[in-house]
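Trainee: Spelled out from the first residue to the last, the chains are:
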Amino acid sequence: KAGVTQTPRYLIKTRGQQVTLSCSPISGHRSVSWYQQTPGQGLQFLFEYFSETQRNKGNFPGRFSGRQFSNSRSEMNVSTLELGDSALYLCASAPRGTGAYGELFFGEGSRLTVL
Amino acid sequence: AQSVSQHNHHVILSEAASLELGCNYSYGGTVNLFWYVQYPGQHLQLLLKYFSGDPLVKGIKGFEAEFIKSKFSFNLRKPSVQWSDTAEYFCAVISGSGNTGKLIFGQGTTLQVKP
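Residue numbers (our numbering), protein chains in the order written: chain B, 1 to 115; chain Y, 116 to 230.
Some hints here could point you the wrong way.
[Said to hold, decoys possible] In silico contact screen, one side only, chain Y against chain B (beta carbon under 8 Å); selected entries: (1) Leu159; (2) Gly216; (3) Lys217; (4) Leu218; (5) Gln222.
Everything labelled a hint here was simulated from the structure, so no lab data went into it. The model shown is predicted, which means the values in this text are computed figures rather than measured ones. Heads up, the beta-carbon is just placed ideally off N, CA and C, and yes, glycines get one too.
Build out the structure end to end from the sequences listed, making use of the hints.
Mentor: This is the structure:
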């Protein structure tokens, strides 16, 4: 069974630009969550989608958004990039919502560098 | 608000030494607890989890953790570490239930095992 696939793996952007990251969950998984990982803040929850609906959102500004498609694939978008957005963005999937299932299966992440 | 605290940020051990990584959480209700591991260059993966029942849970690669409710702790242990255990370890707790929720992670502990 293929794991969680994230694209692109690495990208470099400049301040003010926007970026879209993509995540394909494990086949059959309906929940997709996004986390931001930085050396200073650790792993922080961005949002979770289940059946195309955002079920939960973390404490991030509105520049961070996401969506989930009918095939459970998800994208997250960050607009007006700031230097502090440089991070590893992790996608995780689960058969059901995090609260119901608990265990998440993570992708390898998309490493974003903002210059 | 729920939080997770890992006491050790960086641990250095020699092979065959015993390991104990501390984790404390703050939450008054029923808790579901996890330890995840991130090997260098790899994705986050589940080591072990506690939902209910026996407070001593066993995971992959010889790891175990003990849930002590009175101490709000979920410490990770391994009797004899190997060089291949070099990785970053994250303790996490679920916040939420049903089809909504998120993992709250501790700051992580970097384990370096010297051969």
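Trainee: Next, verify each hint and record whether it holds.
Mentor: Going through the hints against the structure:
no., hint, verdict
1, Leu159, "4 Å, holds"
2, Gly216, "3 Å, holds"
3, Lys217, "4 Å, holds"
4, Leu218, "6 Å, holds"
5, Gln222, "5 Å, holds"
Hint compliance for this structure: every hint is met.
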